[in-house]
Structures are given as C-alpha cells and as structure tokens.
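Number of protein chains: 2
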Amino acid sequence: MMQTIERYLADNKDRFVRELLDFLKIPSVSAISTHNGDTRKAGEWVRDQLNAAGVKAELVETEGHPIVYGEWTKAKGAPTVLVYGHYDVQPVDPLNEWKTPPFQPDIREGHVFARGATDDKGQMLTHVKSAEAWLKSSGSLPVNLKFVIEGEEEVGSNNLDLFLEARRKQLACDVAVVSDTSQYAPGIPAITYGLRGIVACELTVHGPRQDLHSGIFGGSIANPCNVLAKLIAQLHDDDGRVQVPGFYDDVAELSAEERREFQSLPFDEAAFLKELGSPKTCGEKGYSTLERRWARPTCDVNGLTGGYQGEGPKTIIPAKASAKITCRLVPDQDNDRIIAAVEKFFRDRCPKAVRMEFKIYHGCPATVCDIHSPWMKAARAAIKKGFGKEPVLIREGGSIPVVGTFKKLLGVDTLLLGWGQNTDNLHGPNERFSLDAFHSGIHSSAALWEELARK
Amino acid sequence: MMQTIERYLADNKDRFVRELLDFLKIPSVSAISTHNGDTRKAGEWVRDQLNAAGVKAELVETEGHPIVYGEWTKAKGAPTVLVYGHYDVQPVDPLNEWKTPPFQPDIREGHVFARGATDDKGQMLTHVKSAEAWLKSSGSLPVNLKFVIEGEEEVGSNNLDLFLEARRKQLACDVAVVSDTSQYAPGIPAITYGLRGIVACELTVHGPRQDLHSGIFGGSIANPCNVLAKLIAQLHDDDGRVQVPGFYDDVAELSAEERREFQSLPFDEAAFLKELGSPKTCGEKGYSTLERRWARPTCDVNGLTGGYQGEGPKTIIPAKASAKITCRLVPDQDNDRIIAAVEKFFRDRCPKAVRMEFKIYHGCPATVCDIHSPWMKAARAAIKKGFGKEPVLIREGGSIPVVGTFKKLLGVDTLLLGWGQNTDNLHGPNERFSLDAFHSGIHSSAALWEELARK
Chain D
1 MMQTIERYLA DNKDRFVREL LDFLKIPSVS AISTHNGDTR KAGEWVRDQL NAAGVKAELV
61 ETEGHPIVYG EWTKAKGAPT VLVYGHYDVQ PVDPLNEWKT PPFQPDIREG HVFARGATDD
121 KGQMLTHVKS AEAWLKSSGS LPVNLKFVIE GEEEVGSNNL DLFLEARRKQ LACDVAVVSD
181 TSQYAPGIPA ITYGLRGIVA CELTVHGPRQ DLHSGIFGGS IANPCNVLAK LIAQLHDDDG
241 RVQVPGFYDD VAELSAEERR EFQSLPFDEA AFLKELGSPK TCGEKGYSTL ERRWARPTCD
301 VNGLTGGYQG EGPKTIIPAK ASAKITCRLV PDQDNDRIIA AVEKFFRDRC PKAVRMEFKI
361 YHGCPATVCD IHSPWMKAAR AAIKKGFGKE PVLIREGGSI PVVGTFKKLL GVDTLLLGWG
421 QNTDNLHGPN ERFSLDAFHS GIHSSAALWE ELARK
Chain Z
1 MMQTIERYLA DNKDRFVREL LDFLKIPSVS AISTHNGDTR KAGEWVRDQL NAAGVKAELV
61 ETEGHPIVYG EWTKAKGAPT VLVYGHYDVQ PVDPLNEWKT PPFQPDIREG HVFARGATDD
121 KGQMLTHVKS AEAWLKSSGS LPVNLKFVIE GEEEVGSNNL DLFLEARRKQ LACDVAVVSD
181 TSQYAPGIPA ITYGLRGIVA CELTVHGPRQ DLHSGIFGGS IANPCNVLAK LIAQLHDDDG
241 RVQVPGFYDD VAELSAEERR EFQSLPFDEA AFLKELGSPK TCGEKGYSTL ERRWARPTCD
301 VNGLTGGYQG EGPKTIIPAK ASAKITCRLV PDQDNDRIIA AVEKFFRDRC PKAVRMEFKI
361 YHGCPATVCD IHSPWMKAAR AAIKKGFGKE PVLIREGGSI PVVGTFKKLL GVDTLLLGWG
421 QNTDNLHGPN ERFSLDAFHS GIHSSAALWE ELARK
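Those protein sequence lines, which keep their order, are chains D and Z.
Everything in the first sequence is counted per the numbering used here, starting at 1 for the first residue and increasing by one.
Everything in the second sequence is counted per the numbering used here, starting at 1 for the first residue and increasing by one.
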C-alpha cells in the first residue's frame, strides 16, 4: 500500500508546494477585522482542498471566523482520528523587518518564507495532502478521519469550545493529531507528549484615592508600588522555589526515564543564552534548564504598571499599582486550586494599609500523554518513516488549551507532531517553513494513518 | 510709621483686590508654549506693578520665560531682603472640574477662585503691595528690597540658577523671603522653617533581548519584573526603615523642642485619612505621622513599568522592567552621598542573571533654618501683627530647591511665610485664595520690613 502512496506523493510534490504557496498568499489575519474577508477565504480554501481530496467538508459559521469541518468515515472498524489545525495567522508587524512581503511567499535556502508558513498553514496542510494521497491513489484511508480547522487560534479560539461541545457526538474519536509544535532541533524530529498548563491573574494594590505629592505625604501612608513589590518578592525563595503554600503538592515528578530522555537531548546552553541575549540561566534549584522549561511549574510577572511612566522623574505616591502574573502548571496541578492558593497567598500577606484587588483570567491544566500508548508507538513509527529518524520525546513549556479540551470532552489523547523548528520565527518577521520538512511531514502523516490502523 | 501704612492699606484695599483679579486673568501657563505670550505678559504686569510701586524693575531675558528683577536699595545701613516668587501657573486640566473658568477669577465664600490664586500670584503680590504701601505713604522702606520673580517655577526653574549665579553680587542680601507655602491650617498661621531635600533616580533591570514566550522560556531565565520587585522589596524592613547602608548616618534627629512643637499641633488622623482615601497611616516606626512627613527621610517608588500593560493577560517574560524612585532627605543627609548609596545598594543585590541600569536625576539637600535667629523672630512678630496670632513653626515634606541655592550661593536663610492653605487646591481644579489671607499677608509683609529693620 505505502508504495502506491509514495508514488503519488512523488508525482505530486511540486503541485503540493504550489498549493501551499497559494494558501500562504491569503492574508488571513484573524485579529484584524479589515482582513475578515481574507480570513474567510482561507477557510473556504481549506474546505475546497478537503473536498477535492475526497474528504467531505463544510464551513461551519460561528460568532467569529468559521470553522472548517470535514470527515471521511468509511473505514469500518478502524480507529477514528481527529485532526485539528488552524488556517488563521498572526499579524505581520513589524512589517519593515520582513525581507520579502509576508503574503508573497518566497522560496530561498530550502524554505518558504511567509506569514503562516509553519504556524499553522504549512504544518496543517500536510494532513490534508496525506489524506488526498491515500484517497486518490487507493480510494480509501486505513482510518476514519475528522478534520477541525479553525480560524481563531491566534485570537483565543473563542468559538471553538462551543463548536466542540455542540458536536461532541459527531466528533467521537480514538485519538487526536495536531501539528502546531516543532521538532526538537534541525535533524531531530520530536513528539511533544506534554504541555504545561496555565493560570493567569492580575494583582492590584490600591492606596490613596489619587496620586499624591510624595514630598507632602511621603512617609505617612503606604505606597502601592512598594507594597506590590514586597508582595511579588515573596513569591520565590532564593532557590527559585515558588512560596505559595501547596503549590508543589500535586506536582508529578519526572520519571527516571523522562529525566534520562531529557538529559540525552543535545542542549547548548551558551548558544541558548546568546540567542535570547540573556546573561545567565536562572530558575528552580535542582533541575536542568530543559526540566525547568518543560516539567516544572513557574510563576512569572508578565507586566508591571504603577504611577508615573513618562520621561524623567515625577514626585508622586501612586494611587495604585498592578502586576499581571501567570503560573505555568505541570501534571497534576489543578488550575482552580492553584489560582485560589495564589490569591490566598497575596491576601494573607497584603498589609491593611492598602486595599487589594485580585482578578482571575483563563486557566487550564497541564496535559501529558502516555508515552507507551499504542498511538504514541504508531506516531514514532510514522515519523521514523517520514523523516528517516526515530523521533525524540519532548515536552513543551507552553499551553495548547484544546489538548485539554479533547481529553475532557472526547476522552482522547492528542499526538503533537511538529514538523517545523522553534527558530522558524513563529509570530515574528520572516516566518518560514522548510520544504523538506513539509514533504517529510506529508510522508509521516500518510504513514501515520497506516500505523494507527494497526493498533 | 505703621499707622500711615495701615491707613494706606485700608484706603487701597479694594484696588489691591481688583489688581489681583487683573493679574489672575492672564493665563501664564509656563508649560504650554501657546501661552508663551501670556506668560510674558504676566511678567510685564509684575514689572509694571513694581515700577508703579517705586521699585525699579526690568524684565531679564532667559532661554525660556523672562525673570522680573526689581530693587529699591536706598535704606543705607539697613538689612537687604531678597523676595522670591513666580508669576507662572500650572496647567488647568481637568478643565471640566472647575466650577468657574480658571482665568475668569470669581469671588465667593470669601475666596478668589482662579488658577494661580494662591500659587503663587496672590501670595507673591502681597510683597509688592506692602512695598508700594511703604513707598507711597512714607516715601521709603525700612529695608532694602530685591525682587526676583521668575516665570518657570512650574516647569523646573531651568534658567533661574544661571540668573542667580550671573548676578550673585547684585543679589547680595541678608535674608530671603518666599511666600509659596501654606499656613498650618485655617486660623493657624505658620512659618515653615524646614524643607526636605530629594534625590531622584530610575532603576532598570534588563533581561532577554526581547519579550519572550513565558511558556517556552518560563523557568529558564531571570524575569526582570520579578527581579525588580525583589530589589525594591529590600528597600524597607518591616518597621519601614530604609535598608540602604548609611542612609540614616547623617540624619539630624529632631530636637526635643521640635518634637514638642509638632506634638502641640492639632492633627486629626481620621480626617487626614478620609481626605486621602487611604485606609491607614503607615511608615517608619517610632515617629508620629507629622514627624514622618516633615522630618524623616523616605524612599518611595513613583512609578513602575515593565512588560505588558494592556487589557487582559499576555504570556511573556518581559525584556526589561524599571522603577522611578525618589528619596526625600532631611538635614544633614548629603544628596550626592545618598544617591550613590542607593545605587550601590542595588548593584550589590542585583543578580548576575540580569543587567542593571541606574539613572540619576536631580537632587538637592534638605534645608532647615535656625528657629531662634533674629530674622525668624522678626517674621514671627510680623505675622502676629498681620494675622493677629502667633504663628506656629512647621516643616514641610516637599522640596523648594531655590532655598538651598540661596543658602549655597548667597549664604542666607529663607523665611517661608505661607499665607494660603494646603486645601487651596494648588495644581488642581478650583484653586483659590482667601481674600482675608491676602490682606493679612500684605499687612504681615508690611510689618515684616519694619521688624527686619530692627535687627
């Protein structure tokens, strides 16, 4: 079977690239309303591609940008796989830093440069093309496929959960597949089996009714900026451990196997620091940099605001000061319990000379998949076929909330199969995607359907 | 002699008010360049008033707004008094909170309401009118008078020091008089014998080259916002004492007499807190609220800036974070030594995982005058004559840098004789000045020339 597929992929290689370029020409910037027509056009393009491939697809309207839904479910008795991706892209600023225009895809150095090249048009398209290869060359697929390709991933996926809940029964499946992450490094394909969760909040310290003259009143009342700093400073001890009571109670330590696997990955700390422009790594004592990024919880201030922010000095005691704070979570921390503990931490420590306000934003728990599951084995085998190399198993420090939703709503694990690289300038100027990775991704995807069917 | 003066003041009372209103109609907002013509006009108005009074005056050009200089120096052998004031005013925003237009002076409840009424047009004018009363009714003054009335006090007095240095000899005097402070409370006239000094700086903590994804990188490198908070938190211990080594070394403790004098002043803490909208007083342990405001040094953050400041959350590790910080100083702290100690404090504590930047803004030492000097005795007697009540001796938590300059450059103390009230909405909407205080101020000033001559 795979030989027929291989031939089809070889015969259609150039067309696949041309179609990718067509897709990348559509400026589907979901955040900018003047691009609403373009964003819809990108959804229609995906729908048409699926239909042309033989996967029956439609646009599903939402309050925002439409969701493309497609399915091919004729593989009686075979597993059902849900493919998730997105056709919308990030804004292009700063535009003047692009070497070629973001929506005029340019091929150089073996890469296509365009906004959305890797995030997520190029990566997502590999699954459409692999389905096409199976259906066009053999008339069927070894598994049932359901595609959910949304147009609001870059603006918070506001309508996705409503869609998933409404279609819960229709979306029933055995495993989900998402290609919206990265390989570990060039030449080192990877499967991401764990993501951190998140809680987000804003802490505001209110002092006097309005900004006061720091000469006339300084020394007589609490300064919200100073109080805020004292509160934040208490979040970590000198070893970088978060001091919120109970914070680590439910943290699942890495298994010996996972620590070994992380240690075996090449990691050049000097190059890492140079890339970031940071003088030194830093963080929780007793863990390697990769462990801290992937498998340890954090508590970071994302923004500070208070008092005067213009040029030069201004002699005031500010009326208030605030901090935006996010904690990255790991299994098995409960996001609701953690955010409640963070609020209590601040309430217990906030002096009575100010008034404290605490605002809770979104949250989601960490997700981690069983690295020994048959789905994982199938994915490893498929990537080995597509990339010619056994993938490494990695985690990722960020959060992809839909993975948790799939687990909760549909009861399935998600295979995070990234074809791109961390260095592909996702969200930045000169975003790119390797054409080799594009083709290897299509190969891997085509092999994946067969491997998953073996289960 | 004083009887003739009294009669002149009584006869011309209404005209003085009319002239004050004329002065207040000139929108001399020094900060706003479209008002440059008006600001100059106010300077010309003061020059003309002085000349009409018999004090020979001129406009002295500067890089910015002109300085009015006037002198009457025919009192051979008598002391020479330098009167300082300003004819420029603060901007009027928020305009919609004014009950009557800021440059259409309105008299109600015994007050004139207008921008600049108390700060400093009304207060300063008392000294011009008292000189006029002496010169018009008796043909001479008991002291020599030199007037320096600037037009840039509200924008930092950028050209004043140059003027004072250039005219150092011409400005030679025995004592300076400034009416740009307040009485202690309604019915409690005061002499301000001490001002706090100030140092201002900005502390910036630099982390990665650019904002980073807090999921991908969180836990691996230092977060500038968290580091900044830790640095600021170390500034004070739990008793509100500043922890910068050497900070208190040169602090002159209040004398028993001063503490007694402060304690004897009526101070309603509940009303004070209600006015500020603050739940509780707070500050250095072991000192009363007035002592902390007037005679103890402070270290306040005036502004915090770092990372994301928009709506909702954003998951970044910010590239940098900064704090604007001012310390209020008391005698005998040296501003240069204190700012150097603050910088060293942060450098010693800043972790190597970030880069620290430290910017020093202006500074000036505290000033305090001998409360037993003959000048002070003269001022007390004059105020008793003008207001019918012995003034209390107070300090002020703010800084008036020119007082230090007079000390350094001319070697003289400054008598800070405030006729207004703290509650006169200086710098705010509905600024006002009591007409009784205006007339009592003129009386006090007229008596002051005589009392100072007795020395």
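Hints were generated in silico from the structure; no laboratory data involved.
Treat the hints with care, since some could be wrong.
Copies of the same chain look alike in the list, so a pair counts if it fits in one copy or across any two.
[As the list claims (entries may be wrong)] Straight-line C-alpha distance at most 27 Å; calculated DSS-like pairs for lysine-lysine:
1) LYS76 x LYS280
2) LYS320 x LYS359
3) LYS389 x LYS13
4) LYS359 x LYS389
5) LYS41 x LYS274
So, going through the hints one by one against the coordinates:
1. LYS76 x LYS280: Neither: 56 Å inside a copy, 73 Å across copies.
2. LYS320 x LYS359: both (15 Å within a copy, 24 Å between copies)
3. LYS389 x LYS13: For LYS389 and LYS13, only the intra-copy Cα distance (21 Å) is at most 27 Å; the inter-copy one is 99 Å.
4. LYS359 x LYS389: neither (47 Å within a copy, 54 Å between copies)
5. LYS41 x LYS274: neither (41 Å within a copy, 59 Å between copies)
Consistency with the previously given hints fails for numbers 1, 4 and 5, ordered from lowest to highest.
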